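There are 2 protein chains.
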Amino acid sequence: MKCCDNIDARMVDETSINLDPIQVGGRLTLEAMKAMICWGDGYSVCDNCRKPFRLDYIENPPLKDFHVDVAEWLGMAQARTVPGARRGFQQVAGTYVEKGDPVLIGALAHYTSYLSVELQKGIVREIPKTADNHITAEDTANRIEDVVREFGTTPKLLYIDHVDYQFGNMHDVKGIAKVAHQYDIPVLYNGVYTVGIMPVNGRELGVDFIVGSGHKSMAAPAPSGFLATTEERADEVFRTTQMEGDLTGRKFGIKEVGILGCSLMGAPIVGLLASFPKVKARVEHFDEELANSKIVVEALRSIEGTKILSEYPRKHTLTRVDTTGSFDLIAQTHKKRGFFLSSALGKKGITGIIPGATKVWKFNTYGMTRKQAEYVADAYLEIAETNGLTIN
Amino acid sequence: MKCCDNIDARMVDETSINLDPIQVGGRLTLEAMKAMICWGDGYSVCDNCRKPFRLDYIENPPLKDFHVDVAEWLGMAQARTVPGARRGFQQVAGTYVEKGDPVLIGALAHYTSYLSVELQKGIVREIPKTADNHITAEDTANRIEDVVREFGTTPKLLYIDHVDYQFGNMHDVKGIAKVAHQYDIPVLYNGVYTVGIMPVNGRELGVDFIVGSGHKSMAAPAPSGFLATTEERADEVFRTTQMEGDLTGRKFGIKEVGILGCSLMGAPIVGLLASFPKVKARVEHFDEELANSKIVVEALRSIEGTKILSEYPRKHTLTRVDTTGSFDLIAQTHKKRGFFLSSALGKKGITGIIPGATKVWKFNTYGMTRKQAEYVADAYLEIAETNGLTIN
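If you're matching them up, the sequences are chains A and B in order.
Position 285 (the first sequence) corresponds to 299 in my numbering; numbering is contiguous.
Position 26 (the second sequence) corresponds to 40 in my numbering; numbering is contiguous.
Do not rely on the hints blindly, as some may be mistaken.
Identical copies carry no separate label here, and so any pair may be met within one copy or between two of them.
[Unchecked claim] Cut-off 27 Å, straight-line C-alpha distance, at most; resulting in silico cross-link-like pairs (DSS-like, lysine-lysine): (1) Lys-362 with Lys-192; (2) Lys-65 with Lys-373; (3) Lys-48 with Lys-292; (4) Lys-135 with Lys-113; (5) Lys-361 with Lys-135; (6) Lys-362 with Lys-350; (7) Lys-329 with Lys-349; (8) Lys-192 with Lys-373; (9) Lys-350 with Lys-65; (10) Lys-329 with Lys-294; (11) Lys-350 with Lys-294; (12) Lys-48 with Lys-16; (13) Lys-329 with Lys-385; (14) Lys-265 with Lys-373; (15) Lys-135 with Lys-265; (16) Lys-65 with Lys-16; (17) Lys-16 with Lys-294; (18) Lys-373 with Lys-349.
Honestly, the hints are just simulated from the structure, not real lab data.
On a predicted model such as this, the values are computed, not experimentally measured, just so you know.
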């Protein structure tokens, strides 16, 4: 079915249970869908933009209050929307990192963390992962000392993912931030898998910046997200323009440099706002999400030869699994090769796993009902049994 | 009416004729609206993202072809989507401008041009506007020489708006680019009021970069836009990452640094794509848009005391008008003060002009039918007559 001449109608979550690691937290709420339909036109939210002409001052729709509410919800002083978390990284790196400056990044970080430093011509030094795939305060302390020895200065910035995208493991942000602050290093908390998914409080964690993703975890259209910070750092990362035209003397009011004035002028910010009440509510029920996740994880664990590569027990619904010793054995001789698994899942109405993957792969159960989790668990067991694998 | 608990349903273009200078080119086509409804969820277009894992390689929806088509349509070698034109400016400035470097900007440029240089800690030098509000090749040549004298080097980059946002005047991009290239200065063409509105061909204009806005002029949701360039400049502005983790040896494939990997992962790119056939078609009928614009402009000119501040005859549908000698005289004594005009227009179903403005203001007739243009023209005349102004 087409939605217009050149584009198919997308029917993924309408027809299937979706396990896609990056998609499940960004599916729109009904409210966001309705709001997008009303506010889809280009610069829609600018209808009532008045002095000082900034997105975060618009009162209808209530974007001004929304910015305040999000900051408070995150335990931070101020927040701004950004067109994707990566643009939040860019904004922070652009404020603190100059050519040749060292920056510490947890070795499990998303590539956009690295690229945001590359943009500034900074130099990344990694905090290693432990044997069990965690970034620790102890390793952070060691690496800060390494940087001081190598560069004669402390790192200008430190990036830490609360929950990383590779394993969905949870890292000791509080301990890491404490160490970093002993050296006065600002800490950027990457919350793309946590903000909108579980409760996050920057004040309790002791971080300087929180970056969250709207399209990954706040039930909003892409590209969207938040950059929140403390009162102390706000003047730096949200600094206003000092630019002046040399001939005209033109000045540009209180436009913020890092965000280039305004960020999300239409559908994505209205989507974020429309979903916000449900997002605020859902983070308080993350235990239920974990319980559903456990149903699927335990089913997979019971298939002989399957290993859960993520920390166990699970603290997040994103899980990395190794089925080299189970489903991949079937793939060796199956006429569909590695595609037998995605094909079998597809027939059962389950989607979101990379087709052909039978060795190491990831899934995310976020947003499922218990019944759906049980269905997915049963589906994996049935596929395993049908193909002669042993269930323990 | 609410579209959800915390947001009013927006009914602007559904109920009124909209003259908003920045909104009219960004209203969605029916196709974009339908596509957004199908593709609104967060990372929707990533369903079929396969190696090398880049937005511009995705084949379903046909984003790969779309990138090629847009580049060709603009007479450029390559194109990428960006979350708003300002992010295109940022990407180009980030490639060519370092701390203390001089950059030339036409004095009528949008503030985001200036801020994109400020982000790089570059120094803006303006090309003055002439008495009739144009940026010329001659002034460009003079200012390049000024910069060489002041900095001992040529400007690293030159920004020129084809049609500026202040007057909607058209500037001699071809002549300016020719002068700049005599000094090997790369030229950034700001096409936010032209790309998607009238035919634009970068090869004919001789520019190095074209930046266009999806939400301003391509009937797409915000934040969206394009950065297109020549084969020669593509390796610079679309350079791929060289980053490598110092401990892990992690590399990041062919992710592009300037765009931080991917840009528009959902609704906005599908909106751009869905509208593209109609956008390609509509630019070929810009003469009809100008004819409609003329109907309104002539009506305003016939009201004694009214001056068209934009170049005349008009070459664009965005027009700046001075009614200090007409409508503002009424405002002096009217019980609604300056709001009498927007109020009277509102009663006639016309919106988009800043409420209270009766001195200098802008309007944009883009997208109107002839009948609507005649209606708007008559409305202004009737309001003028009712309030005792003379019609010539």
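Verification of the hints:
no., hint, verdict
1, Lys-362 with Lys-192, "neither (48 Å within a copy, 62 Å between copies)"
2, Lys-65 with Lys-373, "between (57 Å within a copy, 17 Å between copies)"
3, Lys-48 with Lys-292, "both (14 Å within a copy, 25 Å between copies)"
4, Lys-135 with Lys-113, "both (5 Å within a copy, 12 Å between copies)"
5, Lys-361 with Lys-135, "neither (48 Å within a copy, 56 Å between copies)"
6, Lys-362 with Lys-350, "within (17 Å within a copy, 66 Å between copies)"
7, Lys-329 with Lys-349, "neither (37 Å within a copy, 65 Å between copies)"
8, Lys-192 with Lys-373, "neither (38 Å within a copy, 57 Å between copies)"
9, Lys-350 with Lys-65, "between (62 Å within a copy, 20 Å between copies)"
10, Lys-329 with Lys-294, "within (19 Å within a copy, 50 Å between copies)"
11, Lys-350 with Lys-294, "neither (44 Å within a copy, 43 Å between copies)"
12, Lys-48 with Lys-16, "both (21 Å within a copy, 10 Å between copies)"
13, Lys-329 with Lys-385, "within (21 Å within a copy, 62 Å between copies)"
14, Lys-265 with Lys-373, "between (58 Å within a copy, 21 Å between copies)"
15, Lys-135 with Lys-265, "between (29 Å within a copy, 16 Å between copies)"
16, Lys-65 with Lys-16, "between (43 Å within a copy, 25 Å between copies)"
17, Lys-16 with Lys-294, "between (35 Å within a copy, 20 Å between copies)"
18, Lys-373 with Lys-349, "within (17 Å within a copy, 76 Å between copies)"
The structure does not agree with the numbered hints 1, 5, 7, 8 and 11 stated previously, though it agrees with the rest.
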